[in-house]
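> The numbering of the sequence shown is my numbering, which starts it at 1 and goes up by one.
No lab work stands behind these hints: they were computed from the structure.
Don't be surprised by glycine CBs; every beta carbon is placed ideally from N, CA and C.
Check before you lean on any hint, since a few could be wrong.
Unchecked claim - Simulated DEER-style distance windows between Cβ atoms:
id: 1; residue 1: 61; residue 2: 34; range: 25 to 31 Å
id: 2; residue 1: 5; residue 2: 62; range: 23 to 29 Å
id: 3; residue 1: 24; residue 2: 51; range: 18 to 24 Å
id: 4; residue 1: 17; residue 2: 53; range: 30 to 36 Å
id: 5; residue 1: 13; residue 2: 34; range: 18 to 24 Å
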Amino acid sequence: MLTRQLAYKATEAGLPVEAVEPAGTSVTCRQCGASDPAFRDGVDFECLACGYEVHADVNAAINIAQQEPE
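Using the sequences plus the hints, can you model the full thing?
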């Protein structure tokens, strides 16, 4: 229901709406693409493959933003 409401409001405002798959986005490094649940510790994300560090939600949001729509 929330998705429908958001899509309705966004469309009404002239904004595009695209569905993406969020699974794995918070444990996949946006820099190198490595994925491991060990990279995320609460709100902290640290890639053990390349050393990239950032807030886990920021990492996930960037991964989602870079996905192709379904």
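> Hints first: check each against the structure and report whether it holds.
Going down the list of hints, with the structure as the test:
| no. | hint | result |
| --- | --- | --- |
| 1 | 61 x 34: 25 to 31 Å | violated, 18 Å |
| 2 | 5 x 62: 23 to 29 Å | holds, 25 Å |
| 3 | 24 x 51: 18 to 24 Å | holds, 20 Å |
| 4 | 17 x 53: 30 to 36 Å | holds, 32 Å |
| 5 | 13 x 34: 18 to 24 Å | violated, 37 Å |
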